[in-house]
Amino acid sequence: MSHNRLSIIMPNLLTWDGKKPVTGGLERYVWNLLALLKEMGISPDVHQNGSFDWEREVNGINIRGYGMARIAIEAAIQEIHGNTDRVFYASIIYHPTLYKPDSVVISHGVWWDSSNYDPVANLAICRQALEQAKTVVSCDYNFLNVMRATLPTLSHKIEVIPNFADLELFKPRQALKVKDGGDITILFPRRLDICRGIDLFLNAGIRIVKKHPGVKLHLAVDTNHPEFNRVVNEYINSTQEKNRIITGSYSFEDMPEVYATADIVVIPSIFSEGTSFSCLEAMASGCTLVVTNVGGLTNLIIDGYNGLIIKPDENELVHALETLIANPRLRLNLSRNARSVAESFSLNLWKERWRKIIREVYPDLVSPVF
Amino acid sequence: MSTNGKHKLTAMMLVRNEAERYLNTCLSHLNVYTDEIIILDDASTDNTSEVCLTYPKVKLYRNEEPMFIANESLARKKLWQLVEKSNPDWILAIDADEVFEDQIESQIGYIMAGDDYDAVEFRIFDFWKSMTHYRVDGLWNPWNRFSTLLIRYQPGKVYSWPDLPLHCGRIPMEYRSHRIKRFQSNIRVKHFGWADEKDHIKKYAFYKQKDPEGRLQAKNHLESVLDKEVKLEEWTESKSLSF
Amino acid sequence: MAKISILTTNHYSPEGNRIIYGGAERYGVEFTKMLVEMGFDVEWWQIGTGWESEIIPGVKLRTIPESEAPLKTLPRLNQAFYEKTVDADLAVYFVTFLAYPQVKEKSISISHGIFWDYPGFDTDLQTDTERREWLRRLYIALNGPQKVVSVDTATIQWAVSTWPGLFNKFEYIPNFVDTEKFKPGDKVLGNNKVRVAFPRRMTSVRGINEAAYAAEVLTKKYKNVEFHFIGRAHSDELEKQLTQWANRSQNIYYYWKSPEDMPRVLVNMDIVLIPSKSTEGTALSCLEAMAVGLPIIAGYVGGLSDLIINGYNGLLIKPTPKNLVNAIDYLLKNPDLRQKIGRNARETALAFDITIWKKRWAEVISEVLGK
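Residue numbers (my numbering), protein chains in the order written: chain F, 1 to 370; chain H, 1 to 243; chain G, 1 to 371.
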């Protein structure tokens with residue numbers, strides 16, 4: 001085993017059978033992190049849940065799946081702990097476990113801020129990470145605030161590194177200017193997950209489309225659960241406005257184009273939100289944003305400056321969209337500021353912040369700098 | 001034209017036989033940042049009046065017979081009426097042995113420009129047997145008390161004074177109410193009344209005779225003048241602000 | 001004319017010997033002016049021996065005796081207020097826990113931020129039972145009023161992570177700044193000195209000790225850097241210590257100003273420190289410094305992340321002594337960056353102008369009164 005090996009522990013960078021990459025925010029995050037670790041002279045590998053024991057190499061990274069996960073996740077983690085030396089937890093583990101002490105854990109935001117969850121049990125899960133790991137890196141200030149208000153003696157272990165946007169990939173196609181008249185496209189660039197607010201978007205969006213003939217809705221959604229797509233499409237097809245509601249599933253490479261064709265982007269999360277990649281990429285693309293006051297979104301958007309903040313409420317969303325449709329000048333100002341704020345969330349800054357943490361927690365693994 | 005922009009600042013002072021004490025120090029400071037200094041000389045037998053008149057901003061009034069010693073309240077009222085005639089915006093009630101820190105010069109204009117208060121309080125430091133140290137034990141502690149020394153004059157308002165022979169206060173009753181909006185300033189006042197040991201017995205005897213029962217001031221505070229053991233702190237002057 | 005009765009703890013201190021015009025008091029005054037402008041009949045109540053005063057000319061402040069605060073709540077004060085304000089159309093509980101245990105049929109409470117997020121709070125509620133009971137009471141206080149207006153999103157997110165069902169209680173109305181009064185201006189002096197200001201109450205939760213440490217380190221390192229500590233402390237003793245410390249130190253100043261004099265003072269500053277460690281909402285002092293166009297170094301605490309975007313319109317740091325020194329040093333070495341983030345700070349401050357605050361409040365009040 002290499003002396004500068006760092007093992008990333010996470011649920012699934014590849015599908016449980018190890019056959020194909022999983023596409024999601026966490027997975028993109030980890031691919032960027034793996035690249036950074038290699039730049040720093042560290043040899044990372046990945047240990048994840050599997051439907052059987054397997055080992056693969058993808059993009060030069062060794063990835064191992066642990067079939068024990070089919071029986072019990074905590075048992076798979078125990079096995080991973082036995083197979084590894086220095087480890088790095090790419091997300092908080094929702095199961096009872098003992099983290100290795102000299103390690104980093106990433107929190108991607110408060111996930112239990114909904115009636116579906118038991119706050120006490122989930123706080124205990126966070127407490128476990130804060131007590132045992134060396135540093136918890138939070139992607140937003142919201143998780144930090146909740147922890148400080150709940151476990152003030154442990155919150156000093158938290159460092160905040162907000163998510164990033166690739167500013168070269170995501171940028172305005174032309175100089176931003178007032179768009180008076182013409183069609184307006186309202187984009188929902190999220191997964192079809194209840195926490196991301198698809199219901200909210202469709203209900204409010206359809207009211208807007210009914211009233212404004214020049215407005216179109218665009219759903220850029222995943223196909224992880226085809227049955228969800230079926231339900232959504234059936235619903236859309238049952239409306240009179242179906243011709244002005246476009247649905248598509250796009251690869252990451254296509255997303256810059258999707259944002260470039262959008263005027264307004266809605267991030268209507270109702271719970272479980274961090275510093276959303278979709279929000280940051282829409283900002284970087286120079287779109288006008290409407291977001292909810294959930295999780296880390298309020299760390300990205302200042303209401304009335306670089307977007308509008310609403311409660312996850314249909315009437316509030318309709319009102320915000322009406323305001324934007326009626327005010328091309330406001331849309332322009334918000335989108336300009338969105339782009340300039342996004343520049344403070346560059347990939348380079350994200351890397352710089354991570355380098356500092358990695359040097360602090362894993363000094364023995366980092367190549368000396370001469 | 002006022003020294004401090006829009007607001008006319010009148011200082012008022014009751015004096016008696018101050019020529020050999022701190023009068024010059026006090027007036028040379030006041031002369032810099034006030035617009036007018038109204039002084040009522042309470043029948044001094046030294047050259048207090050002459051000293052006062054060397055300062056161009058002083059307007060001097062004289063009592064032929066000592067008034068303060070017989071009836072402080074009456075003397076205060078007389079001085080107040082003289083001050084009202086000077087048509088001030090703000091009035092600074094100061095004694096001949098008190099000197100503000102130098103930073104008052106750059107800051108007084110800004111203080112008087114405030115709209116949110118009608119009285120300004122300051123901490124007064126009693127220098128004790130020296131010009132370098134002030135007393136901090138017991139009731140002498142300057143850090144936990146503020147005194148109203150600067151008040152906004154409101155023409156037409158009726159002002160009154162308590163009918164007391166001693167310690168009736170240097171500002172009218174109307175400025176002592178809790179209803180008055182006050183601002184407490186960080187600028188400090190140096191009081192040299194106890195700086196010279198020679199004055200101690202004289203002052204003690206004066207107050208003791210005027211108020212033997214300690215009705216007007218805590219008796220143990222007066223007695224503490226004679227304390228052998230006192231706690232002192234060294235004065236450090238605050239730096240003046242340049243804006 | 002509808003009548004609004006407002007309950008607070010201490011707008012004026014019950015003894016009245018130290019006059020401190022802090023953020024909550026200024027909020028109270030601006031809130032009152034707004035309600036009067038809107039045509040409401042307003043009265044205030046607080047703890048006191050029965051004396052009466054005015055919060056602004058013409059608006060009475062009355063008092064109710066209270067000497068105990070079991071588990072940091074004031075149930076007797078709450079009850080007395082309820083009984084004494086039978087003629088009120090709307091009750092406003094100026095602090096969230098004042099709404100425990102009973103509220104008026106139409107009522108709003110205000111959260112000024114999370115105030116229990118420091119380890120020392122544990123010593124105030126020492127047992128698990130006390131802590132649970134305190135939480136239970138806080139839940140009742142938050143659940144009672146029709147609306148809880150929160151000055152930051154941190155409070156809302158904590159509450160929803162603790163009791164998800166409370167989500168719809170909350171309205172986010174961040175604090176305000178008068179961007180006409182607080183605006184960039186010319187310095188009285190030239191740029192021969194760089195002035196770093198700490199324009200806060202001098203208390204440990206605001207990071208006074210970290211800031212004082214940074215002042216000592218950096219005034220030794222740079223002869224042209226001044227530190228200005230501007231604000232009252234919690235005690236006379238601390239004011240004494242700060243005065244003597246500043247007077248002994250080269251290029252360190254300690255003083256305070258009336259709030260209306262602060263725009264002028266801030267204009268003469270170059271960097272502002274808001275290095276709070278806990279109990280922070282959307283600090284007025286932070287908004288004021290932003291409106292003046294100053295680069296701010298803020299602690300990553302409470303509502304400050306609703307105002308500051310790290311690297312864009314300020315720096316948001318974990319408020320350790322070392323981090324604070326490094327962040328100040330970084331800005332001292334990068335005057336262009338100071339200018340850039342100062343400009344962005346002014347731009348973002350415009351989104352918190354007091355006129356917007358008034359508009360949002362008007363909407364919440366009419367929603368509650370309309371029900």
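No lab work stands behind these hints: they were computed from the structure. Bear in mind the structure is a predicted one, so any value in this text is a computation, not a measurement. A couple of the hints might just be wrong.
Unchecked claim - DEER-style ranges, computed between Cβ atoms:
{"no.": "1", "chain 1": "G", "residue 1": "GLY165", "chain 2": "F", "residue 2": "GLU227", "range": "37 to 45 Å"}
{"no.": "2", "chain 1": "G", "residue 1": "LEU135", "chain 2": "H", "residue 2": "ALA218", "range": "18 to 26 Å"}
{"no.": "3", "chain 1": "H", "residue 1": "LYS228", "chain 2": "G", "residue 2": "ASP329", "range": "28 to 36 Å"}
{"no.": "4", "chain 1": "G", "residue 1": "GLN339", "chain 2": "F", "residue 2": "GLU360", "range": "42 to 50 Å"}
{"no.": "5", "chain 1": "G", "residue 1": "VAL364", "chain 2": "F", "residue 2": "ILE125", "range": "49 to 57 Å"}
{"no.": "6", "chain 1": "G", "residue 1": "ASP329", "chain 2": "F", "residue 2": "PHE252", "range": "35 to 43 Å"}
{"no.": "7", "chain 1": "G", "residue 1": "ARG136", "chain 2": "F", "residue 2": "LYS134", "range": "42 to 50 Å"}
{"no.": "8", "chain 1": "H", "residue 1": "SER240", "chain 2": "G", "residue 2": "GLU54", "range": "53 to 61 Å"}
{"no.": "9", "chain 1": "H", "residue 1": "THR236", "chain 2": "G", "residue 2": "SER366", "range": "54 to 62 Å"}
{"no.": "10", "chain 1": "F", "residue 1": "PHE252", "chain 2": "G", "residue 2": "GLU37", "range": "51 to 59 Å"}
{"no.": "11", "chain 1": "F", "residue 1": "ILE125", "chain 2": "G", "residue 2": "PRO321", "range": "49 to 57 Å"}
{"no.": "12", "chain 1": "G", "residue 1": "ILE56", "chain 2": "H", "residue 2": "ASP163", "range": "28 to 36 Å"}
{"no.": "13", "chain 1": "G", "residue 1": "LEU135", "chain 2": "F", "residue 2": "LYS134", "range": "46 to 54 Å"}
What the hints assert, rightly or not - Some, not all, of what chain G presents toward chain H, calculated at C-beta under 10 Å:
{"no.": "14", "residue": "GLU52"}
{"no.": "15", "residue": "ASN143"}
{"no.": "16", "residue": "LYS193"}
{"no.": "17", "residue": "VAL194"}
{"no.": "18", "residue": "HIS234"}
{"no.": "19", "residue": "SER235"}
{"no.": "20", "residue": "GLU237"}
{"no.": "21", "residue": "ASN251"}
{"no.": "22", "residue": "TYR253"}
{"no.": "23", "residue": "TYR255"}
{"no.": "24", "residue": "ARG264"}
Stated by the list, open to error - With a straight-line cut-off of 30 Å between C-alpha atoms, the simulated DSSO-like cross-links for lysine-lysine are:
{"no.": "25", "chain 1": "G", "residue 1": "LYS60", "chain 2": "H", "residue 2": "LYS181"}
{"no.": "26", "chain 1": "G", "residue 1": "LYS60", "chain 2": "H", "residue 2": "LYS239"}
{"no.": "27", "chain 1": "F", "residue 1": "LYS171", "chain 2": "G", "residue 2": "LYS340"}
{"no.": "28", "chain 1": "H", "residue 1": "LYS239", "chain 2": "H", "residue 2": "LYS78"}
{"no.": "29", "chain 1": "G", "residue 1": "LYS33", "chain 2": "H", "residue 2": "LYS157"}
Beta carbons are placed, not taken as given, at the ideal position from N, Cα and C, and that holds for glycine.
Taking the hints in turn, this is what the structure says about them:
{"no.": "1", "hint": "GLY165(G) - GLU227(F): 37 to 45 Å", "result": "29 Å, violated"}
{"no.": "2", "hint": "LEU135(G) - ALA218(H): 18 to 26 Å", "result": "47 Å, violated"}
{"no.": "3", "hint": "LYS228(H) - ASP329(G): 28 to 36 Å", "result": "52 Å, violated"}
{"no.": "4", "hint": "GLN339(G) - GLU360(F): 42 to 50 Å", "result": "31 Å, violated"}
{"no.": "5", "hint": "VAL364(G) - ILE125(F): 49 to 57 Å", "result": "35 Å, violated"}
{"no.": "6", "hint": "ASP329(G) - PHE252(F): 35 to 43 Å", "result": "39 Å, holds"}
{"no.": "7", "hint": "ARG136(G) - LYS134(F): 42 to 50 Å", "result": "35 Å, violated"}
{"no.": "8", "hint": "SER240(H) - GLU54(G): 53 to 61 Å", "result": "36 Å, violated"}
{"no.": "9", "hint": "THR236(H) - SER366(G): 54 to 62 Å", "result": "56 Å, holds"}
{"no.": "10", "hint": "PHE252(F) - GLU37(G): 51 to 59 Å", "result": "52 Å, holds"}
{"no.": "11", "hint": "ILE125(F) - PRO321(G): 49 to 57 Å", "result": "32 Å, violated"}
{"no.": "12", "hint": "ILE56(G) - ASP163(H): 28 to 36 Å", "result": "34 Å, holds"}
{"no.": "13", "hint": "LEU135(G) - LYS134(F): 46 to 54 Å", "result": "30 Å, violated"}
{"no.": "14", "hint": "GLU52", "result": "9 Å, holds"}
{"no.": "15", "hint": "ASN143", "result": "37 Å, violated"}
{"no.": "16", "hint": "LYS193", "result": "9 Å, holds"}
{"no.": "17", "hint": "VAL194", "result": "14 Å, violated"}
{"no.": "18", "hint": "HIS234", "result": "13 Å, violated"}
{"no.": "19", "hint": "SER235", "result": "9 Å, holds"}
{"no.": "20", "hint": "GLU237", "result": "7 Å, holds"}
{"no.": "21", "hint": "ASN251", "result": "9 Å, holds"}
{"no.": "22", "hint": "TYR253", "result": "6 Å, holds"}
{"no.": "23", "hint": "TYR255", "result": "5 Å, holds"}
{"no.": "24", "hint": "ARG264", "result": "7 Å, holds"}
{"no.": "25", "hint": "LYS60(G) - LYS181(H)", "result": "14 Å, holds"}
{"no.": "26", "hint": "LYS60(G) - LYS239(H)", "result": "41 Å, violated"}
{"no.": "27", "hint": "LYS171(F) - LYS340(G)", "result": "21 Å, holds"}
{"no.": "28", "hint": "LYS239(H) - LYS78(H)", "result": "37 Å, violated"}
{"no.": "29", "hint": "LYS33(G) - LYS157(H)", "result": "26 Å, holds"}
In summary, the structure is inconsistent with hints 1, 2, 3, 4, 5, 7, 8, 11, 13, 15, 17, 18, 26, 28 from the numbered list given earlier, while agreeing with the others.
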